[in-house]
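*Asks:* Build out the structure end to end from the sequences listed, making use of the hints.
Listed below are the residues making up each chain.
2 protein chains.
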Amino acid sequence: MEYNLARRMQFLKASEVRELLKLTERPEILSFAGGLPAPELFPTQELAEHSVALLKEMGAKALQYAATEGYTPLRVWIRERLNTRWGMNVDLDNLLILSGSQSGLDLIAKLFLNDGDTVWCESPTYMAALSAFRVCGAQFQAMDCDDDGVLLEGLEDKLRAHPPKFVYVITNFQNPSGRTWSMERRQTFMELMTRYEIPVVEDNAYYEVAFDPLEYCSLARFDPKGLVLSLGSFSKVLCPGLRVAWVSAHEDLINRLVILKQSTDLQTATFNQMLVHRYLANIDFDARIKLICDTYRERRDAVLQEFEQHAPAGVHFTHPRGGMFIWMDLPEYMDSHQLFNRCLSHCVAFVPGTSFHPVDPKRNTLRFNFSNLPPATIRHGARVLCNSIREEMEAAGR
Amino acid sequence: MEYNLARRMQFLKASEVRELLKLTERPEILSFAGGLPAPELFPTQELAEHSVALLKEMGAKALQYAATEGYTPLRVWIRERLNTRWGMNVDLDNLLILSGSQSGLDLIAKLFLNDGDTVWCESPTYMAALSAFRVCGAQFQAMDCDDDGVLLEGLEDKLRAHPPKFVYVITNFQNPSGRTWSMERRQTFMELMTRYEIPVVEDNAYYEVAFDPLEYCSLARFDPKGLVLSLGSFSKVLCPGLRVAWVSAHEDLINRLVILKQSTDLQTATFNQMLVHRYLANIDFDARIKLICDTYRERRDAVLQEFEQHAPAGVHFTHPRGGMFIWMDLPEYMDSHQLFNRCLSHCVAFVPGTSFHPVDPKRNTLRFNFSNLPPATIRHGARVLCNSIREEMEAAGR
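Line by line, the protein sequences are chains A and B. Offset between the first sequence (1-based) and my numbering: plus 8. Offset between the second sequence (1-based) and my numbering: plus 8.
It is possible that part of the hints are untrue.
Pairs involving identical chains hold if they fit within one copy or between any two copies, as the list cannot separate such chains.
With a cut-off of at most 27 Å between alpha-carbon atoms, the simulated DSS-like pairs for lysine-lysine come out as follows [stated by the list, open to error]:
(1) K298 <-> K166
(2) K30 <-> K370
(3) K21 <-> K370
No lab work stands behind these hints, which were simulated from the structure alone.
*Replies:* Listed below in structure tokens is the structure:
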């Protein structure tokens, strides 16, 4: 049977990374390929206790249909956090609860994109955002980056030549590159966006996972015209398996996103929203963030020490100040897919960087996750990677 | 600030019904407007116990990222149920877990629809399906119905004149009409769809809520070519606040839907899938279904008795054999929005039927829900509605 599908289905393929991840699922493989938070940090016992208390206290209300906008006490908690720690100034009307921040990317794509519209994003960028935008017909323009964020030179000319419907950026501890924008870069970038009135989608899934005292803020701080849509998530600071996240934006945009959410998934699970809120209302959230950051900082240090000692000359890697990922640029001639196979034969896996490029995939790049395994294992994995790179160099006669 | 939004946003408005529902939220209003299952039937205590046991047994796994396809043991449970009770013949590759069946409508719209494509549906039909399809640019053609389902006369000519990308139907205890297709109608309809190779989206959210011994089956039973996509849900038989549902379809379609789900919401909440499965694995599901059906049957009987006694001549109402809704056709001259206001002044609410029509909204129709209040209250509400209709007739001088 030949099905007559939508045109978009020609451009959407099973994620190459997902196929690779299947190879890394064998028990003998140490995988630094995925993006899993450390499960030992999930508040498993506390969530069990709160589940019972919640169902006792709220009864069937916790299991019934509820408003699309989301559970008000949870929105109140998020408002306080954003206004005190993210440099934002939001009210309840600026907040919509999401079923994971991926679903925010889907709703935003529906809000802005007609078939063929242009979206700008960093190169590399979060690949599942590219997929969400592609579903609504996005074409991409890439913005080059250095270690301080997006490169501003020539950006205004490019804006005139290829005006975007919106720009998508991850300013803090980016997945996949681990990069963080400098405050100066943020401000100057937002001046340009404000002048041209271009909506900016800021994906802040990693914002709280900061290894140094937080000197950053949301781009919304530099947004006099209400152009910034800012996504946040509990997946990295609580757990991903409850699928609770949020988007904050100008009230007019939130109203439209609510309409789109009604037709997309009606609402985020009532029980999950209430459970997350009940847990947050009863803990010292800053202490929890500190625990997560301390754990991941130690792991980042472990991999960086190994890379610094063992990475061959000609290899460049980022020094993330937060988040879960390090990005590596290999010598131009090297193919990270070949390296992947070699590394896998030594029972270690990473993700080749190709899929993270919105245009012109670079085959000599890779992403290495450091959140999901203990430091000693990470050291071993990092050393195997460095050795594999050396073997590839030798095989290439370099 | 004037935002440059997608064209689809011109056609998407806040649901009229949602606005009406806000009016019905005052505590003195008895509302038969919504579509809420009876909360006293939710297994609140059992789910509390299973939450604790699940987190103890599965630990952090229940809170981690998981496969887009869904939790395998839950898919196994659904497979068994569909194959033994729904007249289907599915395997795991035919099943994808959804974050509520609304999200299945969204994924199916993305799978099939280009801007301007035609979708056929019953008139009236589930309004949030219309919204989901509109987001992807659907145009609608309505199929007229009688008490045995869709009217087949002239359908083939219409197929040639306005070929649909897919047809959307609710064959059992339809929301909003309460109608159920006869077996003969199902079979003849599917013969036509098979001849023209037209995909059929069957929304079976109410399938298990059957008041008579179940003599029905999924349209998939009459589907030699793999054209039927069948949606099912735990919202009506367990609770809606966990947002767990499924779609079954040909493996080739499921593979595509998985790709779309990756970019839409990554996955349905791990915890929720495992909780639903753990609960189902430990109860007598048929006994639970019997409890729900016994409760709703009694409520349907209550409203039907009142309507039969008190509805003025010229009013037609359906006799649902399952589900949660009764549909009423008022005399042609009557405006259900005006009737709504009159009824509301007597502290009783329903939903005008206009929004449920894909084309040519009929203002002389309404939907009355009977699942959410006890029989005595339902009787009172039904009587108030009948009296209000009489008052409207008198006001119109009839």
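*Asks:* Of the numbered hints stated previously, which ones are contradicted by the structure, given in increasing order?
*Replies:* Hint 1 is the one this structure does not satisfy, whereas the remaining hints hold.
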